[in-house]
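As they're listed, the protein sequences go chains V and X.
Per the working numbering, the first sequence starts with residue 1, numbered consecutively.
Per the working numbering, the second sequence starts with residue 1, numbered consecutively.
Heads up, a few of these hints could be off.
[Said to hold, decoys possible] So these bits of chain V aren't anywhere near chain X, every CB distance computed over 10 Å: (1) T5; (2) R111; (3) N392.
[Unchecked claim] A few chain V residues facing chain X, derived, Cβ under 10 Å: (4) M182; (5) Y184; (6) G191; (7) G315; (8) A316; (9) G321; (10) T448; (11) G455; (12) L494; (13) P503; (14) A515.
The hints are simulated quantities; they were obtained by calculation from the structure and are not laboratory data.
Backbone N, C-alpha and C define an ideal beta-carbon position, used for all residues, glycine too.
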Amino acid sequence: MDFLTDNLLTLILFTPTLVGAVLLFLPQQEKALLRWVALLGSLIPLALALGLWFGFDSGLSGFQYEFKATWYEAINSSFHLGVDGLSLTMVLLTTLLTPIAILASFNIQERVKAYMILFLMLETGMLGVFLSLDLLLFFVFWEIGLVPMYFLINQWGSEKGERTLWGGRKIAARTYASFKFMIYTMAGSLGLLLAIQMIGIAAQTYDLTELFRTWPTMVRLENVPLGLPVSTVKAIAFWAFAIAFAIKVPVWPFHTWLPDAHTEAPTAGSMILAGVLLKLGAYGFLRLVLPLYPAEAKTYAGALAFLATMAIIFGALAAYGQDDFKRLVAYSSVNHMGFVVLGIAAAAHAAGTENAVIALNGAVLQMFNHGLSAAGMFFLVGVIYERAHTRNLNELGGLFPIVPVYGGILIFTSMASLGLPGLNGFISEFLVVRGSWPVFTLFTALSTIGLFFTGAYILKGIKQVLHGPLNEHWVGHITEINLREIVVIAPLMLLMLWIGVWPNWILDVINKAMAMLF
Amino acid sequence: MAPETLIWLLPLPPLLAFFLIVLFTNRRNALSHSIAVGAAFLSWLGSMVVFILALQKEHLGEHPFEAALNWLPVGEGWLKIGVLIDPLSAVALFFVAWTVLMIFIYSVGYHNFGQPKGDHDRKGLPPHGATLTDEHGHKHTVPSIEPMYARFFAFIGLFAFGMYTLVLSDNLLTMFVGWEIMGLCSYLLIGFWYGKVSARSAMIKAFITTRVGDMFMLLGIVWLYSATGTLSFRAILWDQKVLDGLVATDGWFGLSAAACIGILLFLGTVGKSAQFPLHVWLPDAMEGPTPVSAMIHAATMVSAGVYAVIRMFPLLSAGMEHGALTPPMLAMAGIGAFTALFAATIAVAQNDIKRVLAYSTISQLGFMIAALGIGGYVAATFHLVTHAFFKALLFLASGAVIHGVEHGVLHTGQHIDPQDMFNMGGLRKKMPITFITFTIGGLALAGFPFITAGFWSKDEILADAFAHAPLVFVVLALSALLTAFYTMRQIVLTFGGEPRTQAAEHAQEVRWTMWLPLAILAFFAVTLGWVGIPEALSGGLVPNWVHEFVGSSLPHHPETLEFNMIPLITSLVVALGGLGLGFWYYRRVGSAAADRFQVPLLKNKYYIDEIYDRFLVKPAYWLADRFTNQILDRGIIDGALHGIARVAGSVGGILREDFDKPVINGIIGDGTANLYRTLARWLRPLQTGRVQQYLLMGFVLAFTALFYYIYTLRP
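The whole structure should be built from the sequences, with the hints applied where relevant.
What follows is the structure, encoded as structure tokens:
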């Protein structure tokens, strides 16, 4: 038992890889076996994460379940893991969504083995980001997550669709999307890596617990290039961090990789992409940018809030303008993640006040909520796509009489995404708006335009899929949602309702963590 | 059980019914409606107990029933939610419980429970009727049961839950929760027959239009919460210090924070209670089944909007000095009075029996809003309650009329619109109970003097308006005249004269599940007025209970107005005059063509839908599709990205074509190789393979080295 508690985080982190390694030795043609091993294997980290959740003492400040081992001694980087209320919430989300996504991919027929291994590797990459307490380690996991996702989009993405590039060159949409996703994120990572190096050299450590104490107040830096003043160096490093994370979130105007990647990815890939990968960016802001650069964050918070408001408004507008159901849902992520960034910006500007804590409560809860609702929405799009082989909203419609259960589930999940009071999204959006109102009044007021159009695009989606005269074309072709699919969506729906009605169980953990952190 | 515990439990039965029906019993009609009606009954019973307890409790205004618990952790503290029964919520609970229960019972009959399944009915469309063959071999077409019968009861259950939540809330946040849940339910129920294209548009229109108001309201809530640190009604509205603080704080546009928050909250009501300019959704909401119309227009949704501003009245009127209206009150008085008149004029030219009622609802809500705007707190509440009863009655009765005519349509096979009043006529003989109850409701709406509830509540509004704002008084009096006029028009066209169609000829009285609720509501539509008779008029014979009881919801009990004959006489004149004119004119009008009030401007509702479509809806879609999607994202942002990619691509190309290939490959790569080859070629003649030649070369080199050595050694 001691072994378990002492190494809990390491176990959570590497069990998926281990399961992936087991899969490697299973026969390629035994698809069912591969699927079940992957699913059951991914339930282990979930069980461990639940153990972590209940073993975690939210009243204590600082990190818990810390684990530290020598790693790169020469440059003072160590294998250092730990959780607080913030990362715990994200770990729970990741370990929860992965088995759900794996169950959702049971209909994958091609190269099941490679697919499942990549998926499990992806989980390790994501968990590593949330668990790392060492900058270099953080970066390593940050990059590891990219690789499997690239292949998932590139190899298992939707087969239809082409993009025309300059000069009339045509390439497959999934190639375009995966490439854009990879290169864009890498472009952000470049600055991040340089800034991390700079910190490591100047502070002689990569350990975050130490850097949180020393870095913000450090007035003399060693080995600064060109003899730049400390404030300039820090401002540049701040923006290097901020842009890397802004691309990942994504903050307007760095968002255009998202609709492409989300639309082309396989269903489960989109679920994880929207559910967890976007949170890596927001997590980066909360874990690194705000604690390491409080002064710079405060200075530039206005700019960030502006971009967040733009994301909220234009994300909603763009979603409303789509005719592709999946693209509509993809853009809704831009809209929803805008609230996360708005909350973060407000907190950066008003650090130390109650407003900041409320805004951050909202932001973190919104991360969790969006994980649930976006994953749910992408899954439901996948369900209908698998049957109709089209995502074009103009070709669907009138399906409610054919698929009443699916229709009910779609309306429920859409309403959670819309932020209907009584379901989860409302709580987090309310908290963000409440927290940022006294700080950025104008931006908050403008963001309600986005909130309004959220209603417009959600209703458009429901209308174009379910309502209207019965579509004879689909009778007999589209079948009701099956049991496996209900098992996939049911836990998400339960959580949406539970958080909407009684958010205390999770919000209390977040609230304490935010009050202690900021 | 403590009253507070009971209050917590009140909203739950309908919610439970919703989940039970959706998850388990959705294929079993009888069980589903039993669960739903049973749940409504339980809530009704609990509400009546609470209402009686509230009546018995002394000084309920100062010491209401309240209980709260921690809900959201925010920093150090908590955002609490809880329940509150003060006099205002007690009377609201009273009318909600009654109307909801009546609507639930009525729905059983309305959706043709017990009738056979339709021949060609399908989900998402209204039932079309079933063909039965009797023992003589005759075929009859009879009404068929609603194909989504169980689902309807699930939805109205959720609807009732939303309204109970709203009424019982002790804070703005859970009130907003109930508010929005009702928004969802109205969306689902207006579009209940989603297979109809018109219903599909109407459901979205309702949700989106009210959402405009909701967004402003959300900002108002957030602002209030930021400024005061609480959302509890009692903590804000009963604390003069908090209100004074809000008045002293600066807001926007030179207004105080209190005024700004008040206006934002009021904008929520503009959407929810369908006030101009956000009234457009409500007439379209008639696409839903009739019980839904009653639910939305009387019992719940629109009443909720008015209830919210009545609830927030101390804030809206904060800073009022010497009778000068605050900015939110001015807004309410202006918008309310304008809406009252505006909607009444449209109602005159409508031929659909439900649409007339829809516009009359908008108009009556305008009365309430205007009353509140001029400080008529009690009058607004009183009219809210009486209106809930007589409007629920009117809608349900109009549903009965439609049902009766539909029966005739099925029986005769005549294809006419069963909702068009010009297709009716003479129904008083065919449907006597419906006729009597509808007339009672209509007279209450028109404000028929002394015996109807509507008279007393409307009279109180007019009296308030006369005392405080003469202009509002004139507008409202004019609206009241029109109200009486179109109400009589409706009664005459529907029930008077002789049947104008075969279908009307064969109309049939409805079953007891439909007429019983009508009778009960009719009872209240008359008697409720008697609890609010001005004491000056009754000579103190009956105490003005409404004024005493409802007025005590305010920290400062409102003053009793001095009695004035002018508004009373005005009430009498406009009500009787309007009714008389309507009867006199429409007695002789037999067809729409003969009706001289069918002015295109009124018929087309002042073209507001067209204007909105042209200037708001289409530009919004352009902004979304064309601007954001095509120009901004695909064009500018992706264009810039592709530009960068292209530059990177061409830099790569240049590096390859102009540097890699000529310099690296040409000079360094191939160049080195070429150099060696040339050299080698040049040196090749030396390697002849003959030993003598090598030996000779060895000697030459050795001697050269030797000479060099000696030469350098020389001093």
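Right, here's what the structure says about each hint:
1. Consistency note on V/T5: stated as away from chain X, and its beta-carbon is indeed over 10 Å from all of that chain's, at 27 Å minimum.
2. In this structure V/R111 is separated from chain X by more than 10 Å, as the shortest Cβ-Cβ distance comes to about 29 Å.
3. Here V/N392 stays apart from chain X, with its beta-carbon at least about 15 Å from theirs, past the 10 Å limit.
4. Proximity of V/M182 to chain X is violated relative to the hint, the smallest CB-CB distance being about 12 Å (cut-off 10 Å).
5. Annotation: V/Y184 was flagged as interfacial toward chain X, and the flag holds, the nearest CB pair being 8 Å apart, inside 10 Å.
6. For V/G191, the interface hint is violated, the least distance from its beta-carbon to any beta-carbon of chain X being 15 Å, above 10 Å.
7. Interface restraint check: V/G315 against chain X, minimum CB-CB distance 9 Å, threshold 10 Å, status holds.
8. At about 8 Å, the closest approach between the beta carbon of V/A316 and any beta carbon in chain X falls short of 10 Å, and the interface hint on this residue holds.
9. Hint on V/G321 holds. Least Cβ distance to chain X is approximately 4 Å, under the 10 Å limit.
10. This hint holds: V/T448 has a C-beta 4 Å from the nearest C-beta of chain X, less than the 10 Å allowed.
11. Checking V/G455 against chain X by beta carbon gives a least distance of about 5 Å; that is within 10 Å, so the hint holds.
12. Interface hint at V/L494: violated, since its Cβ lies 12 Å from the closest Cβ of chain X, which is beyond the 10 Å cut-off.
13. The interface hint given for V/P503 is met, as the beta carbon of that residue sits about 7 Å from the closest beta carbon of chain X, less than 10 Å.
14. At about 6 Å, the closest approach between the beta carbon of V/A515 and any beta carbon in chain X falls short of 10 Å, and the interface hint on this residue holds.
The structure fails hints 4, 6, 12 (numbered hints given earlier, in ascending order).
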